[in-house]
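Peer 1: Take a look at the letters that make up each chain.
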Amino acid sequence: MSEEAATPEVLLDIRNITLRFGGVEALRDISFDIRKGEVRAIIGPNGAGKSSMLNVINGFYHPQEGEIWFKGERRGPLKPSQIARQGVARTFQNIALFSGMTTLDNIMTGRLTRTRATMLDQIIWWGRAEREEYEHRARVEEIIDFLEIQSIRKTPVGRLPYGLQKRVELGRALAAEPELLLLDEPMAGMNVEEKEDMCRFVLDVNEEFGTTIALIEHDMGVVMDISNRVVVLDYGRKIGDGTPDEVRSNPEVIDAYLGVAHD
Amino acid sequence: MSDQLLFSIEAAINGLMTGILYALVALGFVLIFKASEIFNYAQGVMALFAALTLVGLQKGQVPFAELINAIFGTNIHEFGWEMPTALALLLTIGVMVLFAILVERIVLRHLVNQAPIILFMATIGLAFFMEGFGDLMWGSDIKALDIGLPKGLSETVDQTTFEWFGYGFFIDRLDVAAAIVAAVLVTALVLFSQYTRIGRALRAVADDHQAALSVGISLRLIWVIVWAVAGFVALVAGAMWGAKSGVQFSLSLIALKALPVLMLGGFTSIPGAIVGGLIIGAGEKLFELWVGPLIGGATENWFAYMLALVFLVFRPQGLFGEKIIERV
Amino acid sequence: MKLNRIAAVAFAALMAAGPALAELVVPSLSYRTGPYAPNGIPYADGFADYFTLLNERDGGIGGVKVRVLECETGYNTEKGVECYESTKGEGALVYHPLSTGITYQLIPKTLVDHIPVHSMGYGRTSAADGRIFKWVFNFPGTYWDAASIIVKHIKDQEGGDLNGKKLALLYHNSAYGKEPIRTLQELAKKHGYELTLLPVDHPGQEQKSQWLQIRRERPDYVIMWGWGVMNQVAIQEAANIRFPMDHFIGVWWSGSENDVLPAGDGADGYKAIAFHPPGTDAPLFADIKKYVLDAGKAAGDGSHFGEVLYNRGMYAAITVAEAIRTAQQMNNVKEITPTMMRDGLENLVIDAKRWEEIGWPGNPEIHVTCANHGGPGLGAIQQWDAKTKTWSLITPFMEADREVVDALIAEDAAAFAKENNITPRECK
Amino acid sequence: MFYREVGDFKTSYAEDQQTFPIAFDRWRYYVVIAVAFLVIPFIINDYWEKSVLLPFLVFSIAAIGLNILTGYCGQVSLGTGGFMAVGAYACYKLMTGFPELNIFFVVILSGFVTAAVGMVFGLPSLRIKGFYLAVATLAAQFFLVWLFNKVPWFYNYSASGQINAPERTVFGIAVTGAASPSWATYLFCLVFVFALAWAARNMTRGPLGRKWMAIRDMDIAAEIIGVSPLSTKLTAFAVSSFFIGIAGALYFSVWFGAVEVTEAFGINQSFRVLFMVILGGLGSIFGSFAGAAFLVLLPVFLKNVMVGALGWSTAIAANLELVIVGGLIVFFLIAEPHGLAALWRTAKEKLRLWPFPY
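Chains as they are written, first to last, in the working numbering: chain C, 8 to 270; chain E, 22 to 349; chain R, 582 to 1009; chain Y, 58 to 415.
Calculated directly from the structure, the hints in this document are not laboratory data. A portion of the hints provided could be inaccurate.
[Stated by the list, open to error] Derived BS3-like pairs (lysine-lysine); straight-line CA-CA distance at most 30 Å:
1. 67(Y) with 161(C)
2. 771(R) with 207(Y)
3. 150(Y) with 161(C)
4. 172(E) with 970(R)
5. 733(R) with 968(R)
6. 747(R) with 405(Y)
7. 878(R) with 80(E)
8. 80(E) with 870(R)
9. 770(R) with 999(R)
10. 80(E) with 715(R)
11. 207(Y) with 161(C)
12. 186(Y) with 715(R)
13. 80(E) with 970(R)
14. 207(Y) with 746(R)
15. 968(R) with 172(E)
16. 186(Y) with 86(C)
17. 80(E) with 968(R)
18. 172(E) with 747(R)
[Unchecked claim] Computed from the model, here is a short list of chain E residues facing chain Y with C-beta under 10 Å:
19. 83
20. 135
21. 137
22. 147
23. 160
24. 176
25. 179
26. 182
27. 296
28. 323
29. 339
[Unchecked claim] Covered stretches of chain Y, going by a simulated chain E footprint (3 or more residues, C-beta under 8 Å):
30. 181-187
31. 327-335
32. 367-379
33. 388-394
Where a beta carbon is used, it is the ideal one built from N, C-alpha and C, also for glycine.
Same shape as in the complex, but just chain C (with noise of 0.2 Å):
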């Protein structure tokens, strides 16, 4: 648990947000920031318009209202592939990693947006591209070193289990060295001993590489005990905001989503 910085910069900032879906409200009129360097979690019941905040963030959903800074700048309607070489990366609920290719090759794709090498250059691959490869290579050796996933490297990632294709796609987010690391649910569906595992990489992410998370997570004891602040959503509306602590206090919030979930 890391202690706030005492002038915090803010790394994205979100105004007045509101997504609709022909004539459904998935998100009304939400606010709130992302300070560089913390763990945010986004937590809510299910239907409380998560998952859409983080395509929202990273380009996916087109809000109709609202304005989203990041970096100090103002963001415009950017397609996801811009966003991600802003250095947004994300993982997703429903895991979707390239079935066909291997580990080591997924999470080289991570390294996509950092290719300087041009089509020609690949084609006659001595030179450039070589060169490239091979430093990117070594990167993401490192990035398995750090999550452990030394002996599937060239096994195909649809033959994996479930958890390692998690941590599989953790990999590739971090591969890409991203400033915002979004994860959404990266520990559903998972055992007590894989959450241990995960919240820890979740940790070192954060402290090693200085990376800024948010995460939407179900589990409420790992959201208290790993993020620096807490959203809640519900319905689409924001509800609560703060401290883990603060949030736990929040009466709105113990009704609408902690009175359920017995802590």
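Model the placement of chains E, R and Y on the given structure of chain C, informed by the hints.
Peer 2: Only chains E, R and Y this time, still in chain C's reference frame:
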């Protein structure tokens, strides 16, 4: 009314009639795709095979005569009977059912859960196989097919329209007959799928394979049935086209005419196949009439595909498909 | 033994085929499968049956037996080339490529391999110019001849005046179908008729648009350059719109039993040009029946005997046999080489007397010369009688409009010569 | 026994990522290359050239091209025949328009022209997916063939619409036209095959290949990790069309010398190349070669056996050939849906462990 308008109407009506014949072929594709998500490229060859079998039985041809003669040195070609059309039709249906069973036994059963493109390729392999097999069985000669359908200019339409507009419309009576047969066939299919146990099972499978399996419907039986029904549809389509041009190899190429219809109407929608067929039929005739002369004609082979392509770019889910919402 | 043969044929034999043994090898690039099989089968049968007759009745040509080397092309150029390459080493004397595509493939090869090509009534029309196309023959007539003869027939029917008449050309949208366009346009200038072009894309299963247009614009005559299913559908559609069938005239590849039979009575009166007579009304056919069909040695099932395309296959075989005979006489040898065969073709004369001896009188005389590989360029019009299901000639054999056609041939041949740096040879 | 990884330790990433990690495979590869370049040119004859080797080389290029699009990037295309036609007609126009230009560059330029056309027809792939896209590519197939058949400019206003390749030389030796020696045409094509296979291998093993495969496996996730679907799909279409265009140019200029578009580049050609890719193995360069070899050799072999050796009638043989090829396709798909390349891999796995299966 101006001449141009009259010509256009005439072309459009004829196009609609042709479109029904396209739809008839497309229907076979839809049935199989709906139940098994197999894009059955062999549908066209099935139409040829069915028509060949029908004529062969009718004329009392000896199947595999050439092969038998080559191996045994015999010289047999015909049984020397003329089979009544109705009986020949029934026997042909029997052959198509047998075919469906064999396809399920020999091919589909072993390809469960494969990627769609693998299944698609398997049906192309099947098409090759049947092309050779059909020719071996019945010979490559062109065969005149007469199942007693009317042919040629419809006097009634010609005269009536002449009285009305001073220009007699041309309608082929065979087209009218084909339209009626197609309408009956579609109605029968709809009734079959709505009101019979097997039909309901078919729809259940189309909606959700797992759910269908869990209520105890045998997927294999379903596959045999859809392939048999598609074989029957192929027979009807083959007979209609065969009556026009004689039964010959080129019949199998009508499958290519059905593909844009499928794109337009969607691979899983029976009404889509029909409406798609009508749009393409009328569209290509009008395009050939108005734009064809400006750019050199013979546009019909690609126009249908371009129309479907442009349409899909603006509406990727097809005519009757539901809007696709992408999720992560 | 069998294994040896398989191995031999699959590998070694292909690499270096030995010289032919005491036989005359005539390849037949047939197509008994694929979309054009209904036309390919009778032709191949007729071609093979005539040589069987010669072998059975006369013991071959000049005492040497003929071996017909059949190779299936499926009307496909790739397979045709494979056939050519696999048979050319076996002593093949002359190639009848039987498709425009394959002909165009083989024309340049003749210059290197020195085996003559005879594209009989198809292929590259300007190959009729023997000064430039030394190894290619296309007698007895070209598409341009055919087009001009058809126009002549129409003119005769119209009492000698075509001014202001409307002619439509319904053609297969391919190299073959486009052949007559230039000629018909030239003739239009000369005779003052109006020409409408109606292309039909392969395969031609669906021609409603074209026939609606014909019905609307009511051209006086429709000329057809069709092939395969396109013919059957066109004749059916013509019958459907009640186009006067005797004003509908096809080229010689659009005038066989296959084309008219599916339309039944509707096809009655349909015409097509021919360069040989239809029917079996000649002594030769009795011989074929006696020595080949009844002896059970026919190439096919015998059901095509006497059909237009069967006769055409026979006609082709006759030209080959006669050219071999000519070559044998010229060189005073029995076994000839492809080069001798070329000379035989170039000096081929089949006059009326010879046709009589062959047993098929009524055919126009053939005189091939060094300069003229296109033959007499004669054609007659045949008409279909749906009741008796027979074709019969309704005109004598007529000459093409040499003035127009020869000019076009000279122009096209010169272009080819220029493209390929060929200096026309001198012809005496 | 010598087919082993054991003892073959990798000490650098370069070694770990090389194309043939096992020494024996590397050696076999060198032998194949040596035979192809140094032995075959001396023993080749016309028949092997025109009926076996040139078809194999030309279709290998086309198959690699389509494999990049379909196998690596997951976009099924049935427009191969049409794109080959673009290559062939570009080649013809360049040959006749610039007679001084070396045929080598003509062929490469034809590839670029085809790549541009391919990108145009690749645009709909952003909206249309799966079988719908496959059928949509038929629009390219039919339209392009119609265009080349219809517009006389493309065939230089010749009377018949045929295009003929004039003679062109490389280092003074004819590689097009009827007089070109077999070994020269063979080597000319072989150089292209070698260079293109090498380029394809390099593209597919690096970032570009990963982008393609990412789009293939899950396009949404790919976009979210920073892969732009537009540029990735269009590159795949462009590269694939480049290969196919070169195949078409070689098909026309070197192999055939004269073609007619409706016949040579019809839809059957599209299906044939797709077959090669799928039978050979989607997403495998080696598979493209295997598929091309299989589909080029099998019909020739069957024909020679049935007609040449057994003396059957050509019609029966041709029909049986269809039956056998069709049957084998189905059989292979059942036996190994991932193609000959996967069969080969399985065989190698077994060999690697032999004689001790554990």
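Peer 1: Decide, hint by hint, whether the structure agrees.
Peer 2: Hint-by-hint comparison with the structure:
1. 67(Y) with 161(C): holds (14 Å)
2. 771(R) with 207(Y): holds (26 Å)
3. 150(Y) with 161(C): Violated - the C-alpha atoms of residue 161(C) and residue 150(Y) are around 48 Å apart, more than 30 Å.
4. 172(E) with 970(R): Roughly 20 Å separates the two Cα atoms, so the pair holds.
5. 733(R) with 968(R): holds (28 Å)
6. 747(R) with 405(Y): violated (72 Å)
7. 878(R) with 80(E): Satisfied, since the Cα-Cα distance of roughly 25 Å is no more than 30 Å.
8. 80(E) with 870(R): Holds, at roughly 25 Å.
9. 770(R) with 999(R): holds (28 Å)
10. 80(E) with 715(R): violated (50 Å)
11. 207(Y) with 161(C): Judged against 30 Å, a Cα distance of about 52 Å means the pair is violated.
12. 186(Y) with 715(R): violated (55 Å)
13. 80(E) with 970(R): Satisfied, since the Cα-Cα distance of roughly 18 Å is no more than 30 Å.
14. 207(Y) with 746(R): At roughly 27 Å apart (the allowed maximum being 30 Å), residue 746(R) and residue 207(Y) satisfy the hint.
15. 968(R) with 172(E): holds (18 Å)
16. 186(Y) with 86(C): OK: residue 186(Y) and residue 86(C) at ~20 Å, within 30 Å.
17. 80(E) with 968(R): Holds, at roughly 20 Å.
18. 172(E) with 747(R): holds (28 Å)
19. 83: violated (15 Å)
20. 135: holds (5 Å)
21. 137: With a minimum Cβ separation of about 7 Å from chain Y (threshold 10 Å), the hint on residue 137(E) holds.
22. 147: Because about 6 Å separates residue 147(E) from the closest Cβ in chain Y, which is inside the 10 Å limit, the hint holds.
23. 160: Holds. Min distance 9 Å.
24. 176: violated (37 Å)
25. 179: violated (33 Å)
26. 182: violated (33 Å)
27. 296: violated (17 Å)
28. 323: Cβ of residue 323(E) sits 4 Å from chain Y, so the hint holds.
29. 339: holds (8 Å)
30. 181-187: holds (count 5)
31. 327-335: As far as the segment 327-335 of chain Y goes, the hint holds, because 4 residues have Cβ atoms under 8 Å from chain E.
32. 367-379: Holds: 9 residues of the segment 367-379 of chain Y have a Cβ under 8 Å from chain E.
33. 388-394: holds (count 3)
Of the numbered hints stated above, those contradicted by the structure are hints 3, 6, 10, 11, 12, 19, 24, 25, 26 and 27, listed in ascending order.
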